[in-house]
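Participant: Keeping their order, the protein sequence lines are chains F and L. In terms of the working numbering, the first sequence is numbered consecutively and its last residue is 542. In terms of the working numbering, the second sequence is numbered consecutively and its last residue is 485.
Hint data in this document are derived by calculation from the structure and do not stem from the laboratory. Hints should not be assumed to be uniformly reliable.
[Unchecked claim] Label-pair ranges, simulated between beta-carbon atoms:
{"hint": "1", "chain 1": "F", "residue 1": "R360", "chain 2": "L", "residue 2": "G457", "range": "47 to 57 Å"}
{"hint": "2", "chain 1": "F", "residue 1": "S483", "chain 2": "L", "residue 2": "E329", "range": "14 to 24 Å"}
{"hint": "3", "chain 1": "L", "residue 1": "Q347", "chain 2": "F", "residue 2": "V533", "range": "28 to 38 Å"}
{"hint": "4", "chain 1": "L", "residue 1": "E386", "chain 2": "F", "residue 2": "A444", "range": "47 to 57 Å"}
{"hint": "5", "chain 1": "F", "residue 1": "G499", "chain 2": "L", "residue 2": "R257", "range": "57 to 67 Å"}
{"hint": "6", "chain 1": "F", "residue 1": "D501", "chain 2": "L", "residue 2": "P269", "range": "37 to 47 Å"}
{"hint": "7", "chain 1": "L", "residue 1": "A247", "chain 2": "F", "residue 2": "V405", "range": "47 to 57 Å"}
{"hint": "8", "chain 1": "F", "residue 1": "L433", "chain 2": "L", "residue 2": "Q212", "range": "54 to 64 Å"}
{"hint": "9", "chain 1": "L", "residue 1": "P269", "chain 2": "F", "residue 2": "V533", "range": "43 to 53 Å"}
{"hint": "10", "chain 1": "F", "residue 1": "G499", "chain 2": "L", "residue 2": "A294", "range": "28 to 38 Å"}
{"hint": "11", "chain 1": "F", "residue 1": "R320", "chain 2": "L", "residue 2": "G457", "range": "46 to 56 Å"}
{"hint": "12", "chain 1": "L", "residue 1": "R254", "chain 2": "F", "residue 2": "L433", "range": "41 to 51 Å"}
{"hint": "13", "chain 1": "L", "residue 1": "R225", "chain 2": "F", "residue 2": "V405", "range": "39 to 49 Å"}
[As the list claims (entries may be wrong)] Here are the simulated SDA-like pairs of lysine to any residue, each with C-alpha atoms no more than 20 Å apart in a straight line:
{"hint": "14", "chain 1": "F", "residue 1": "K423", "chain 2": "L", "residue 2": "S343"}
{"hint": "15", "chain 1": "F", "residue 1": "K423", "chain 2": "L", "residue 2": "D301"}
{"hint": "16", "chain 1": "F", "residue 1": "K423", "chain 2": "L", "residue 2": "R283"}
{"hint": "17", "chain 1": "F", "residue 1": "K423", "chain 2": "L", "residue 2": "P269"}
{"hint": "18", "chain 1": "F", "residue 1": "K423", "chain 2": "L", "residue 2": "L298"}
{"hint": "19", "chain 1": "F", "residue 1": "K423", "chain 2": "L", "residue 2": "G385"}
{"hint": "20", "chain 1": "F", "residue 1": "K335", "chain 2": "L", "residue 2": "S343"}
{"hint": "21", "chain 1": "F", "residue 1": "K496", "chain 2": "L", "residue 2": "Q338"}
[Claimed, not checked] Listing some non-contacts, in silico: residues in chain F with all C-beta distances to chain L over 10 Å:
{"hint": "22", "residue": "R320"}
{"hint": "23", "residue": "D327"}
{"hint": "24", "residue": "S332"}
{"hint": "25", "residue": "L433"}
{"hint": "26", "residue": "E457"}
{"hint": "27", "residue": "P484"}
{"hint": "28", "residue": "T518"}
Where a beta carbon is used, it is the ideal one built from N, C-alpha and C, also for glycine.
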Amino acid sequence: MGHHGAVGTRILAVEDDERIRSAVKLALEDEGWIVDVAESGEEAIEKFDRSTPDVVLIDIMLPGIDGFELCRTLRRTSDVPVVMVTARNDTHDIVAGLEAGADDYLTKPFAPKELSARIRALLRRIRPRAQGHARLVFGDLELIPDEGKVLREGAEVHLTKTEFRLLCELAESPGKVLSREALLDKVWGYDYFGDGRLVDVHIRRLRTKVESDAANPRHVVTVRGLGYRLQT
Amino acid sequence: MIEGGWFRRLLRKSRPNALGLRRRILLTITFGSIALSVFLAITTYGLTQNNLVRQAETAAVRTSLRNAQSVTQNLSSNPPTAQNAEDSLTNIGVQRFLIRYQGQWSGGVPPYVDSVLPPDMIDEVLVRGEPSKQIVRVGDELNVLVGWEVPNLGGYFQFTSLGDQVETLDSVRFNLLLASLISTGLGVLLGIFSSRRAVRPLSTAAQAASAIAGGRLDTRLETTADPDLGVLTDSFNDMAEALQQRVERDARFASDVSHELRSPLMTLSASVEVMDARRDDLPERAQSALDLLSSDVVRFQGLVEDLLEISRFDAGAIRLHMEELLAAEFVRQAVAVSAAPQLPLHVSDRSELAIIRGDKRRLARAVANLIDNSLAYGGGEPEILINVVEPDDEPLAHIQIAVVDNGPGVPPEERQLVFERFARGGGAGRRTGSEGAGLGLSLVDEHVKMHGGRVWVEDRLDGQPGARFVIELMASELDD
Chain F
311 MGHHGAVGTR ILAVEDDERI RSAVKLALED EGWIVDVAES GEEAIEKFDR STPDVVLIDI
371 MLPGIDGFEL CRTLRRTSDV PVVMVTARND THDIVAGLEA GADDYLTKPF APKELSARIR
431 ALLRRIRPRA QGHARLVFGD LELIPDEGKV LREGAEVHLT KTEFRLLCEL AESPGKVLSR
491 EALLDKVWGY DYFGDGRLVD VHIRRLRTKV ESDAANPRHV VTVRGLGYRL QT
Chain L
6 MIEGGWFRRL LRKSRPNALG LRRRILLTIT FGSIALSVFL AITTYGLTQN NLVRQAETAA
66 VRTSLRNAQS VTQNLSSNPP TAQNAEDSLT NIGVQRFLIR YQGQWSGGVP PYVDSVLPPD
126 MIDEVLVRGE PSKQIVRVGD ELNVLVGWEV PNLGGYFQFT SLGDQVETLD SVRFNLLLAS
186 LISTGLGVLL GIFSSRRAVR PLSTAAQAAS AIAGGRLDTR LETTADPDLG VLTDSFNDMA
246 EALQQRVERD ARFASDVSHE LRSPLMTLSA SVEVMDARRD DLPERAQSAL DLLSSDVVRF
306 QGLVEDLLEI SRFDAGAIRL HMEELLAAEF VRQAVAVSAA PQLPLHVSDR SELAIIRGDK
366 RRLARAVANL IDNSLAYGGG EPEILINVVE PDDEPLAHIQ IAVVDNGPGV PPEERQLVFE
426 RFARGGGAGR RTGSEGAGLG LSLVDEHVKM HGGRVWVEDR LDGQPGARFV IELMASELDD
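Chain L on its own, in the form it takes in the complex (with noise of 0.2 Å):
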């Protein structure tokens, strides 16, 4: 139980880290498979080695009885020298036997002579007249020691070799070890196979439960017909299918608003574009209303388009379009219809030979919702730097889109944090912008995610306040 215990805390100390269940079943299995053998072992060499023993016994205590009686006899009649009975026992092929016949010790041929009796054997029979019968080592042989009193004479003594018995048990104990490791050796394969089978579904579960974190809702388990797994499985599409219909009707609800949003908003900016062109007949005060008007109607059309494209990515149902395109002249492109058009572009050579594989007009809203980021937040106009990741001399395989502002910067705890939806940068004076509808970057980060990239922030590179947004895609060398 002492081990038992050690091996259980040993199991309970190591689940946090990487004891996992394969392994535990492994552990369970090799282990038991170790004991049972061992078990079986022992079991098996123990029966083995009494039978062999007693028969061995039970012989020696037949010839020894045998040759005992044919000793008495010879003392008996005439003349009793412990001479003929040591002669006929000698003729008949008996060996390592003692008699004791007038106080003398006779037959002895060393080292079996009578100083290896033991001295409470010699009592038994002697003295009190019994037979006895004992194991005893003479020199390296093990020996059955069998003792007759030879009535009112003395007594005979016989050895029996256990050598034979000895060396059926060294290869039965051989062949027992050999047999222990190849069971323990199956027992491990056993362990590893059913481990493995153990697992499968739960791993076939993991791979379903990672494909819905991914967006496919519809992912479900085979059902099955194992009572035991079913229930999991059961369950597991229950939850899946629960959270398909949640999220898609969060999704169908956020898409049918902003839908239902569109209608009236082409009223709006068809009737703002009318009062636009007769601004000039307008008194000041209703000139300055129409400028706000007009401007949040473009604003809530960016708001109502983005909404509509988040609802896209919740309901899975954005399809990229995707083009060869080189990234220089992209990033251009981007930048010419952007808020900002007239912005400082800084291309490396290297970069101006890079193709990036992309939605363009998904990538330039990405790029646009960047630079509207930083006229927002960014402290004036931004800076844009395309540059290569690679050193110069290893193959292109990432751009780097880099949008560079003076702003106050953003803090590193609220790093991961602006790209979450409707997640304004909090601290630092970043909320000072009527701009920003904490749906841009959140945007930029779905995006950028769908053509494989990054997107992150960080501080500016030279030292200066100002944060650095980059944006970072796979890209390879134009090849002429």
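Next comes chain F alone, as it looks inside the complex (with noise of 0.2 Å):
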């Protein structure tokens, strides 16, 4: 059955409970994904260096380093595409999970084909429209979408794989609105009930990275109560 996971993509999955462990690693192979399994965030962090995951799945609650920390561990040397799972759906362990630097969040119980289509979702080739251009500045900003890089003031800031489409995304407007939604849909594959705060805290790293001074920025404005826009 491995028509609908990318051929050969490697999936990470973090998690300590053992019968959860067995039967999500059934129903990812049964998705299509090759999936390699830890319980622990060290044995992870030992897993993650010598299989180079494609996606990493990271349930929060984890004896020894929490999933916080492992998220900020692998963040610290990769921009793999992570999703949190967390076993409470509350504010406070998703905002302290996307701000760790995962890319999405998934609440327990989900069903395996929804992980499947987030994962879809994370993995979708990038293909901005601007791709004509090989260059797109903005003030001290520069974007290289064919190279996937994006240079402040000449040197490389280091982007996630989704901070780099969500720019892209804004790039390919530039000064007009775009709204949650849209972002969501764009960037995350989201329907119209996406949550909001994907977005929100995905801009706030976005800016610590490509801004001179985050708290005042100059290229990634909000616009209150419409959303998000690039300009130069």
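Please dock the two separately framed chains into a single complex, following the hints provided.
Facilitator: What follows is the structure in structure tokens.
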């Protein structure tokens, strides 16, 4: 049944509950992914270095290194897409997970099909219509879509894949306001009921990287009640 | 005492009505201050009157005695005529006197003549030979009338006007009346002030109690040094503390249970999905069992989610994620992700322009729950209508989202009940469905209330059998 996931796509699933780990592995393998599992943060770090997965699935409640910490550790060296799994649907956990660097989140119990859909959305190839342009310039900010590179004052800025896609979507229509819903749809593939906090937290993180003063953004600007816009 | 009894009866009779503590304090102080000032005024007046009259009498007695002695002298010397005595009195300015000499009255100037003398006084002075004193009214004026015997010859009577005293008393009376009014007024003000003071701790307590009832369980009264209020404050705070602990324990329990249930549910749903993917490989009986299993896993998940949401309500831990939503668009999307995405939706033209503020996922849950309820109990697929409450010529302020079904309807006595937790519609065959955990409608109620709206169930407007569940929310008009 390996017709759903992209060929050879590796998922590292970090989950301490043995039964959940087994069931999720079975279900994800049915969806066509290659699944590695780890039962602790320590094991996950070790396996991550060895197998370089394409997506990491992290349960927040882990013994030892917890999910937030694991996520921050991975983010120091990698821009791999990370999906957080929380047992609690509360704002604190979700925002903390996103700020630790997660790209998306799911709450237990989720349907493995839903997880597959999320992974596919995160792995979708970046196809900005701006591809025709070799480079897009916004003041001191330079965007090179083909190479997946962003330069600020000539120096390369390191963005995660999701942050880069978010920036590309904004760059595609410079000066035009994009609503949270539109961004959720374009970047994460969510419908109307997607969580706007995904956008807000990612915009916040993006600003710390592309703005000289994240508290007073000049490029990625909030338009109250409407959404966000990119300007020079 | 009769008055007291009447007053108390009045109080008792009206206690069930609006005669609150504040009014009772006010009335007591007002009546008290009226009674006190009336008492003081009467006493003061009485004392003043006595005093003035006694002084006037003493003076009258003294001068009349002197005059009587002079009359005696005059009558005893030669020639002993009443005229001499009369003249000598008139010379020193005495007026209003009467002399009785040899059976004749003289000296009387109308109206101060012998006919106004009380007979018992004449008798006392002239027959028994004793001095006498009375207050008599002559014409409009009060007078002290003093009578002295002129030994062996007759008697001397003198009127002394009390006009000055009466005038003084009039002015005293006026002043006392004024003072009584002022002190009554002050009493009323004092009553208002002190009743407010007395009730203030109570209204603080009432505010705190309603805050607690409204879910802010950590509300406490400020501790006070006042020993009378301290008892109330302390026991109120103890009660609130106990209540908070209990509610939090219950909420934590429900929340812990739900969290614990999530892990096995995760395993269940993933495993069921794996089996479902191989459904065709299974024998027919196993397929039926698998279908039952997978549909109940979904139902179980819904239950746990509802329970968690309810425990969040109870712990006051819900934080709404408010956004401005186009009402019609929102309902379309909510229906699209519900159990019946193809339901017919009727949106009035005006409600296309309505904007609501809300947590879209929670509101969508509310709409989905109403749809689920109608699918379970409402005799097939319901119809959904969105309308503006206000007539066209008034500004848009509320919208209604109505889910109208074809079931047996909800009898009036159950219309409140269906929104309570685990209260499945009892009568009229609304129990037929296997769906409906009894949390769904109570969640609708809580969610809609958190959004400042209300939800209710009524008969269908077109008179057909069936129920009409209505969510009413505040809205505003989209400005272009």
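Participant: Decide, hint by hint, whether the structure agrees.
Facilitator: Taking the hints in turn, this is what the structure says about them:
1. R360(F) with G457(L): 47 to 57 Å: This hint holds: roughly 55 Å between Cβ atoms.
2. S483(F) with E329(L): 14 to 24 Å: Holds - the Cβ-Cβ distance for S483(F) and E329(L), about 22 Å, lies within 14 to 24 Å.
3. Q347(L) with V533(F): 28 to 38 Å: holds (36 Å)
4. E386(L) with A444(F): 47 to 57 Å: With Cβ atoms ~55 Å apart, the hint holds.
5. G499(F) with R257(L): 57 to 67 Å: violated (36 Å)
6. D501(F) with P269(L): 37 to 47 Å: violated (29 Å)
7. A247(L) with V405(F): 47 to 57 Å: violated (34 Å)
8. L433(F) with Q212(L): 54 to 64 Å: holds (56 Å)
9. P269(L) with V533(F): 43 to 53 Å: holds (45 Å)
10. G499(F) with A294(L): 28 to 38 Å: The hint (28 to 38 Å, Cβ to Cβ) holds, given that G499(F) and A294(L) are roughly 35 Å apart.
11. R320(F) with G457(L): 46 to 56 Å: holds (49 Å)
12. R254(L) with L433(F): 41 to 51 Å: 45 Å Cβ-Cβ, so the 41 to 51 Å window holds.
13. R225(L) with V405(F): 39 to 49 Å: violated (30 Å)
14. K423(F) with S343(L): holds (18 Å)
15. K423(F) with D301(L): holds (18 Å)
16. K423(F) with R283(L): OK: K423(F) and R283(L) at ~15 Å, within 20 Å.
17. K423(F) with P269(L): Judged against 20 Å, a Cα distance of about 18 Å means the pair holds.
18. K423(F) with L298(L): Holds, at roughly 18 Å.
19. K423(F) with G385(L): Cα-Cα ~29 Å, so violated.
20. K335(F) with S343(L): Distance of about 29 Å is beyond 20 Å: violated.
21. K496(F) with Q338(L): Holds, because 18 Å separates the two Cα atoms, which is no more than 20 Å.
22. R320: holds (19 Å)
23. D327: Violated: least Cβ distance 5 Å, not greater than 10 Å.
24. S332: Violated: least Cβ distance 8 Å, not greater than 10 Å.
25. L433: Label holds. Min Cβ-Cβ 21 Å, cutoff 10 Å.
26. E457: Check passes; 37 Å lies beyond 10 Å.
27. P484: Given that every Cβ of chain L is farther than 10 Å from that of P484(F), nearest at about 25 Å, it holds.
28. T518: Nearest chain L Cβ is 23 Å from T518(F), so the label holds.
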